[in-house]
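Take a look at the letters that make up each chain.
Protein chains: 2
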Amino acid sequence: MRLSELGEFGLIETIRKATPNGQGVLLGIGDDAAWVRCSSNSTLITSDLLIEGVHFDLQWASFFTLGYKSLAVNLSDVAAMGGRPSYMVVSLGIPAGFSTEHIQEFYRGLQSLASETGVGLVGGDTSASKRFFISVCLLGHARYGAIPRSGGKTDDDLYVTGTLGDSALGLELLKTGRGKEKRRHRAYLISRHNCPTARLKAGEILAKERLAKAMIDVSDGLLQDLGHICKASGIGAVVWQEQVPLSPACRSIAAQKGFLYALTGGEDYELLFSSRPRDRRRLERIQGQLGVPVTRIGKCQPSREGIKVIGPNGKPTDIAAKGYDHFKNRL
Amino acid sequence: MRLSELGEFGLIETIRKATPNGQGVLLGIGDDAAWVRCSSNSTLITSDLLIEGVHFDLQWASFFTLGYKSLAVNLSDVAAMGGRPSYMVVSLGIPAGFSTEHIQEFYRGLQSLASETGVGLVGGDTSASKRFFISVCLLGHARYGAIPRSGGKTDDDLYVTGTLGDSALGLELLKTGRGKEKRRHRAYLISRHNCPTARLKAGEILAKERLAKAMIDVSDGLLQDLGHICKASGIGAVVWQEQVPLSPACRSIAAQKGFLYALTGGEDYELLFSSRPRDRRRLERIQGQLGVPVTRIGKCQPSREGIKVIGPNGKPTDIAAKGYDHFKNRL
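Quick note, the sequences are listed as chains R and E, same order.
For the first sequence, our numbering assigns the number 213 to the initial residue and increments by one for each residue that follows.
For the second sequence, our numbering assigns the number 213 to the initial residue and increments by one for each residue that follows.
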C-alpha cells in the first residue's frame, strides 16, 4: 500500500500495533510524549542520524538492515559509556514513493534488535521528505557510572574488542559487486557492515569492574576515534600495527591492505578503551565474560608524542587518521 | 566561515563551547552519549522533526527562529502531558552551502528558549544533507503523573488555552507579503507563528491539581487534535464556534474567516483539555496561576455523536477537520 493512502496517522497506528509495550512503559507510541519509568537516575542519552546518500545507499541496504543498523549504532554509543540501553524514539523522513511495506520492513529490523537488547520503542515522528533519513534517540542507564573519553592517562594500555576493518571492507564488497573471493568470507564481511554488534555486555562489565578508564566506540575509524580519546584525555598514543586484530575473512580478502581498513575504515562499532597496566591480570581473568575477545593494541603516551602507528619493522609508519568528516571532504 | 573549512568536529566543538553545562549534566556534548541525573524516575520522551520545504521555508524563517521553534514545539508536547522539560539532544542535517554563522544563529535561538525553560542541551548529531532538517528529542519529568489523550469522558467540559488561529494566519501573512493590515497585528500574528509559547506552567498546574483528564497540544488544528482526543478516549465532542477564543489581531485581519483559522489552522501550540464539570469552580479559582487565559469551548459527548461544531445560529456547521497529514494531500 502507498503511504499516501494510509496517511501519517494510519502509519503511526500500524507501527503502534506492531510494537510491544515493554517493561516500564506507562504510555508508549501515540500520545504527545512517551511516559516511562527509568530504573536509575543516572541516565544516558545518545542520538544518531542515518541519511540516504550519506550513510547508506538503498541500492545495497535493505529496509530490514537499515532498521537493525540504525538501532545498533546507537546501542554502540551506550556500550561505549558502559551503560545499558532502555528506551528509544525513532523519527523518519520518508520519500513520497515509499510503500507501507518498506516502512514495516524497517521496523521489523529495528524491533528484532530491540527485543534482543531489551529496548522499548516508545515514540518518534514521521514526515514526508525528499530523501529517506532516520533519526534515533536512545536512552540508557549507567548503573556503574559512565566511562568518558577523557579518562586516559600516559602509560595506560590500549585495547580493542573484536576485529577491525571488516565493515569498511564489507562496504567495499557491496559497492564493487561479486568478485572471486570466497563466499563465506564475503558474507561475513557484508554482515559486519549491515548488522554490526554493539558490545553492550563488554561495555557494562568493563564499567562495573572499573577496568576501562577512557572508552569510545570505533565508528569513524580506529585512528580517528583514538584521536578523540587522546584529545579529550590530553594524551598521545602508540598503536602496534601487527597487534591490531583482523578477522580471517579480512586477512584472506584484503591481505596487506587489511591493516589500512582496520586502522582507518569506519563503522566497526567495536570498543576502544584504555586500562591501567596494573589491571592487566584482572582484565585477563574476566575476558571470558565479555562476549567478545579483547586485544591489547598499544599504549597511551604523553601528548607531545601525538599518535604513532608502529609497523612490523618496529618503526613508525606514515598511516594517518583518514576517518570520515561530514563537512570536510573525505581525505 | 564555510562549514567545509570548520569540519564536523570543529562544529561540534563550537556548539559545545557555546553551551552552558546545566544542572544535573554529568557529561554533556562531546562524548559517545550524554550522562545526566534525572530528578524523578517518571520520565517523558518526545521528539519532533522540522524539515525544510515541509515544515518551514528558509525564505521566511530565520535561523534564530528555527532554533527557537524547534525546541518550542517539543516543549509543547511535554506541556501537553503535564510535565516539566529537562534535557534535549538536537540532530541537524545541514546542506553543504551553509555557513558556520547560520548554525550558530540556529543554536542562539535554541539556547535562548532553553535557558528560559531550564532545558539542558546535552548532545545530538550533525551530518551533511541535501535539505536542512532538525530532529529534536526532549526529555521531561511528570512529577504529578502524565495526562494522556485517552482520559476524556462523556459530559466533560472542553477547554483551550490562549487564542487559536493566530499561527496559521501569521504564516499566511508571511507567504503573501505585506498587505494593508495594521502593523502591530501583523507583527503579533507572525510572532505567534515563529515563536510559539509552550504552555508549560498551565500544563503542570493542570496535572498537579488533577483538573485535566485528557490533554493534547493543538499542533495539527483544533478539530484534528480534538479528533485525536476523541479517538483515544472513545468519545465524541461538540464545539461552540462562538466560544472559540480569537485574538484581536485575528479578528481584525481575518474577520469572519478567523474561525476557520482557529478551527482548522495548525501550530497554535495551545493546550486542549477535558475537565469534569464538577471541577469548574476549582478551575476558575486557579486560572490566574496558569500564565494564560483558559476558555471553555465545548463538551465531550458519546462517541456516536462524532465531532460537531455549533454555529452562531445554534445549528451544526459543516466545518470539518482539515489538519495536516504528511502523507496524504492537504485537503
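None of these hints come from the bench; they were simulated from the model.
Among the clues, some could well be false.
What the hints assert, rightly or not - Straight-line Cα separation of at most 35 Å, DSBU-like style, residue types lysine-lysine; simulated pairs:
(1) E:Lys229 / R:Lys229
(2) R:Lys365 / R:Lys413
(3) R:Lys413 / E:Lys229
(4) R:Lys520 / E:Lys443
(5) R:Lys342 / E:Lys527
Claimed, not checked - Residues of chain E placed beyond 12 Å of chain R at every Cβ, according to the derived structure:
(6) Gly295
(7) Arg320
(8) Lys342
(9) Gly352
(10) Ser362
(11) Gly415
(12) Gln455
(13) Gln501
(14) Asn525
(15) Thr529
Claimed, not checked - Stretch-level coverage of chain R by chain E, calculated; a stretch enters the list once three of its residues show a Cβ under 8 Å from a Cβ in chain E:
(16) 271-283
(17) 315-329
(18) 386-396
Glycine included, C-beta positions come from ideal geometry on N, C-alpha and C.
Violated hints, by number in ascending order, as checked against the structure: 1, 4, 5, 6, 8, 9, 10, 11, 16, 17, 18
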